[in-house]
Amino acid sequence: MKYLLFICADDGLPSPEDLAVLQRECPRWVEEMNGRGVRLLGRELDLPETAVTVRVRNGETLVSDGPFADTKEFIAGFDIIECADLDEALEVAAKHPSSWFQAIEVRPFRDGLELGEKAQRFARGEDPDGTPYCLMFCLDGIPAAPDVEQAIVRDSRAWGKDMDARGLFVFGHPVEHKNAATTIRVRDGETLISDGPFAETHEFIGGVTVLDGVDREQAIELAAAHPLAAHHMVEVRPFYSE
Amino acid sequence: MTATPAQRAVDSAFREEWGRIVAALIGRTGDWDLAEECAQDAFAEALRRWPVDGVPQRPGAWLTTVAGNRAIDRLRRRVRGAELFEQAGRESAQSETDEEAMPELFDETDEIQDDRLRLIFTCCHPALSLEGRVALTLRSLAGLTTAEIARAFLVPEATMAKRLTRTKAKITVAGIPYRVPPAHLLPERTAGVLAVLYLMFNEGYSATSGTELIRAGLCEEAIRLARIMRTLMPDEPEVSGVLALMLLQHSRRDARVARDGALITLEHQDRDRWDRDEIREGLGLVDAALRRRQVGPYQLQAAIAACHAGPDSVEATDWVEIAGLYALLERQMPSPVVRLNRAVAVAMAGDIDAGLAIIDELTGDARLERYYLLDATRADLLRRRGDRAAAAAAYGRALALAPSEVERRYLEGRLEEVST
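Heads up: the sequence lines are chains R and D, in that order.
For reference, each letter of the first sequence is one residue, going 13 to 254 in my numbering.
For reference, each letter of the second sequence is one residue, going -15 to 404 in my numbering.
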């Protein structure tokens, strides 16, 4: 099974001491998990103040500053791992140094995630087409009428195909509902596991897509063209780059 | 209405076999709903057939075979349904694997292995909500109906049905493995299972009267499940510890509540109303567990309960021993509540000042800020020392924080006693 690990800063930015540990230990974790063949890719996002949230209502695009959830917790990055089951995913997450100071949400992908050539390059941190952008699709969990839901699924696929045809699509896939989420924290050597997403907000992430070869304006425009922008909302944020 | 022998046989088979059948079917099919439905079908079939055909020699094997056959029928129907829709690609590949899985399911139904340990560890997985763990354990292992569990937890049946559905869905969707955890996870996960059982017990034990009596059945279910756990993990002393603890507490169930619903504290209970069989069993379990010399929190709590349950009178209680056990418990489970209990034991062992000193240390602890028992205990020790004015003040503070009418009545009585 493939899982998305959301690295969640739940106490604001880490202290300088914690940051030093993170900087020392994160590369070790990456090396170990790549070596085990568990980690498929992962990148750090830019700070939350670089995010905008996009909605389309009555044909009008509304852009607001900041991440989708107005909480002190924010998503700092993510990793994609492939594991035998949730126990292995939790073990991998517990070894990630971010879980020692912050929290990691473990969410299964829906079946069928594909990581092509562009995703591999993204995983290696090569950004020949400039800074990649992350689109996080935020749902409110209220199902629309069946025909509307079907239309969203159909139009989402068409949107993805269009991005791919234009050479902008790095990868993207829906994750399972937040009811399938598990959050893990390690404190004083003890692993704390809890049912549910990292923050109990009304909205939750239903999928992620990574685009490259776009600037901020284009990323916002493309997010607005996604069918979910009209019913829910899309957070747009660049990945961190040196 | 009296039950016929066949009905009684079905009832007793239900208690013995339900968990085993559900566990085995989940093991074979990976489908929790299917497993429950087929187990239900098998017992319904037994209710129809046994009064006519007689009770089979091995009711468990009979039920397992019927449930297994029912599972195969249902899976076949699903495959056929899928074929009728002529779904292309992945779905048809899926139905082939289902078809392949069937003969195995059928062949082995007679000599089925005990999968209940896999079932309970999966039900009590830490990635599930705590309330979901308790509910699913009661449903799938103990065989309580959704309506019964809903009544026990004082929620509408629809709420409980949703909770169960959501918990089962999480197991499947999030990829929680159906297994006994590997060695490196086993101690922590075993503690997790025992915590669920003890929570279940306490839900029932805290029920004292009237409308709440239905919840008392939870105690018996928790004890029954702890017994099953002990059969499955005979070498784990903490499992014996939790069973002993439950039995020793449960032995006092009839003596701890007065006719008017008021709580009766341990020292004032009528010891003739204690359940001697449960005490004997509990004491035996504590001794056997402690001899293994792998002391854990449940064994220590059971040993403390044994110190109270063993003697014939409250005067014969060995408070020095109890204080020592609390000191050990505090080392394994550092908590202000354990320390507060140690303070009581130290005081009862003869050193009231030392007990009060421990309570004074605890006074600044933010975790006990709204805990009425801190002041109630302080008041009690001051009263025993003869410090009536200080005791009255402490009872007053405790009264302001007491959570329920039962406790307030008790404290008011004490306050009156030291104020006159």
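Just so you know, the hints here were simulated from the structure itself, not pulled from any lab data.
Glycine is no exception: its CB is placed at the ideal position from the N, C-alpha and C atoms.
Worth double-checking, as some hints may not be accurate.
Unchecked claim - Short derived list, chain R residues pointing at chain D, Cβ under 8 Å:
#, residue
1, Val33
2, Leu34
3, Leu98
4, Pro120
5, Glu188
As the list claims (entries may be wrong) - Derived pair list, reagent style DSSO-like, types lysine-lysine, alpha-carbon separation capped at 30 Å:
#, chain 1, residue 1, chain 2, residue 2
6, R, Lys84, R, Lys190
7, R, Lys173, R, Lys84
8, R, Lys14, R, Lys190
9, R, Lys107, R, Lys84
10, D, Lys146, R, Lys173
11, D, Lys146, R, Lys107
What the hints assert, rightly or not - Taking CB as the label site, the calculated pair distances span:
#, chain 1, residue 1, chain 2, residue 2, range
12, D, Gly348, R, Val160, 53 to 63 Å
13, D, Leu138, R, Met13, 29 to 39 Å
14, R, Leu204, D, His252, 33 to 43 Å
15, D, Pro320, R, Asp159, 50 to 60 Å
16, D, Glu265, R, Lys84, 48 to 58 Å
Tested hints:
Taking 8 Å as the C-beta cut-off, the interface hint given for Val33/R is violated, the closest approach to chain D being about 24 Å. At about 25 Å, the closest approach between the beta carbon of Leu34/R and any beta carbon in chain D exceeds 8 Å, and the interface hint on this residue is violated. Interface hint status for Leu98/R: upheld, as the beta-carbon distance to the closest one in chain D is roughly 5 Å, under 8 Å. Taking 8 Å as the C-beta contact cut-off toward chain D, the hint placing Pro120/R at the interface holds, the least distance being around 6 Å.
Look at Glu188/R: its Cβ gets to within about 5 Å of chain D, closer than 8 Å, so that hint holds up. Between Lys84/R and Lys190/R the alpha-carbon distance is near 19 Å, which keeps this suggested pair within the 30 Å criterion. Our distance criterion of 30 Å between C-alpha atoms is broken by Lys173/R and Lys84/R, whose separation comes to about 35 Å. Restraint check for Lys14/R and Lys190/R: satisfied, since their Cα atoms lie roughly 15 Å apart, inside the 30 Å limit.
Restraint check for Lys107/R and Lys84/R: satisfied, since their Cα atoms lie roughly 24 Å apart, inside the 30 Å limit. Simply put, Lys146/D and Lys173/R have alpha-carbon atoms about 37 Å apart, too far for the 30 Å limit, and the pair is violated. Proposed proximity of Lys146/D and Lys107/R is contradicted: the alpha carbons are some 34 Å apart, above 30 Å. Checked against the hint of 53 to 63 Å, the pair Gly348/D and Val160/R passes, with Cβ atoms roughly 58 Å apart.
The hinted range of 29 to 39 Å is satisfied by Leu138/D and Met13/R, whose Cβ atoms lie roughly 37 Å apart. The hinted range of 33 to 43 Å is satisfied by Leu204/R and His252/D, whose Cβ atoms lie roughly 41 Å apart. Remark: the range hint 50 to 60 Å for Pro320/D to Asp159/R is upheld by a beta-carbon distance near 58 Å. The hinted range of 48 to 58 Å is satisfied by Glu265/D and Lys84/R, whose Cβ atoms lie roughly 52 Å apart.
Hint compliance for this structure: hints 1, 2, 7, 10 and 11 are broken, all remaining hints hold.
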